[in-house]
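Q: Take a look at the letters that make up each chain.
2 protein chains.
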Amino acid sequence: MAIETTPLNVIDAETLLQNWQGHRRLTRRVIEAFPEDKLFSFSVGGMRPFAEMAWEFIRMAVPIVEGVATGKWKEYDSGSKPASKAEILMLWDLQTAQLNEKFPTLPPHRFSEVDKAFGQWEMPGVVTIQYAIDNEIHHRGQGYVYLRALGIEPPHFWERN
Amino acid sequence: MAIETTPLNVIDAETLLQNWQGHRRLTRRVIEAFPEDKLFSFSVGGMRPFAEMAWEFIRMAVPIVEGVATGKWKEYDSGSKPASKAEILMLWDLQTAQLNEKFPTLPPHRFSEVDKAFGQWEMPGVVTIQYAIDNEIHHRGQGYVYLRALGIEPPHFWERN
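Read top to bottom, the protein sequences are chains A and B. Numbering-wise (numbering that gives the first Met the number 0), the first sequence opens with residue 0 and increments by one. Numbering-wise (numbering that gives the first Met the number 0), the second sequence opens with residue 0 and increments by one.
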């Protein structure tokens with residue numbers, strides 16, 4: 000049924016990185032929008048506070064890019080879990096720079112190569128990267144509900160600059 | 000700074016469609032998980048009920064693919080807004096088939112060509128398509144909070160089959 004007989008490439012590595020960084024800028028604004036105490040304590044329906052979700056994004060981002068790059072899947076290792084908004088944002092900005100640095104060094108063949116991320120998730124490198132982005136969008140959407148429930152207007156979803 | 004001098008393509012059209020359809024299968028399960036009345040009435044923080052969000056996804060999906068395909072941006076036109084879960088799911092399944100049919104006919108150059116989606120959003124075709132996917136992930140994440148607040152276990156985020 001397909002018209003194309005060879006794959007029609009539509010997203011390049013640089014565009015994928017820029018899409019991710021755009022989402023990460025938005026997520027950063029969502030982190031910032033939370034009052035300090037609510038970031039670590041507020042939730043709806045027994046779910047995790049948004050600080051826990053942000054911590055999950057941090058533990059995924061650079062380790063996934065490093066895993067796709069090298070085939071070595073190492074858990075995030077930064078010492079202790081951040082205990083303040085400022086610490087989260089500091090780690091966030093560090094990862095922004097690290098992603099910009101590491102992403103262009105990803106070996107081209109590793110995007111399509113199937114690997115078992117963290118010994119558990121078997122998929123092509125690019126799918127693992129896309130999973131990290133989608134997971135961030137998913138949980139950030141949950142953060143929007145928390146903000147609304149707190150009476151705080153979340154940042155515009157479509158603003159990524 | 001970049002290592003690559005020519006774009007390194009990492010996602011092809013078929014993979015993008017499969018990623019979208021995987022997300023759409025998950026969204027369908029989220030719609031199904033809501034009790035009929037809650038789907039149309041329940042929300043948190045003054046936000047829209049999940050039926051309104053699902054309706055938004057429906058109004059975006061096929062019209063965006065048609066707009067990217069043809070350059071003609073037409074609002075979704077299916078008659079009236081669905082008033083039951085069964086109606087939403089019927090439209091959903093119709094669009095699943097339509098996306099599978101229309102996506103492979105997208106002219107290759109239209110993915111990168113900048114166009115003004117619905118006369119308003121100026122970006123390359125593939126970015127508009129990615130926006131529709133990301134918007135669905137974002138609002139579906141909000142639906143997860145609604146389900147948790149209702150005491151209902153949402154489907155696993157990582158299951159896309």
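Careful: at least some of the hints might be erroneous.
[To be verified] Interface residues of chain A toward chain B, partial, derived using beta-carbon atoms under 8 Å:
1) Ile10
2) Val43
3) Gly118
4) Met122
5) Gln129
6) Ala131
7) Asp133
8) His138
9) Arg147
The hints are simulated quantities; they were obtained by calculation from the structure and are not laboratory data. We treat Cβ as the ideally placed atom computed from N, Cα and C, and that holds for glycine.
Q: With reference to the structure, classify each hint as holding or not holding.
A: Hints and how they fare:
1. Ile10: holds, 4 Å
2. Val43: Holds. Min distance 5 Å.
3. Gly118: violated, 15 Å
4. Met122: violated, 10 Å
5. Gln129: This hint holds: Gln129/A lies near chain B, its Cβ roughly 7 Å from the closest one there, short of 8 Å.
6. Ala131: violated, 12 Å
7. Asp133: With a closest approach of 5 Å, the Asp133/A hint holds.
8. His138: Hint on His138/A: holds, closest Cβ of chain B at ~6 Å, below 8 Å.
9. Arg147: With a closest approach of 3 Å, the Arg147/A hint holds.
This entry does not satisfy hints 3, 4 and 6, going by the numbered hints stated previously.
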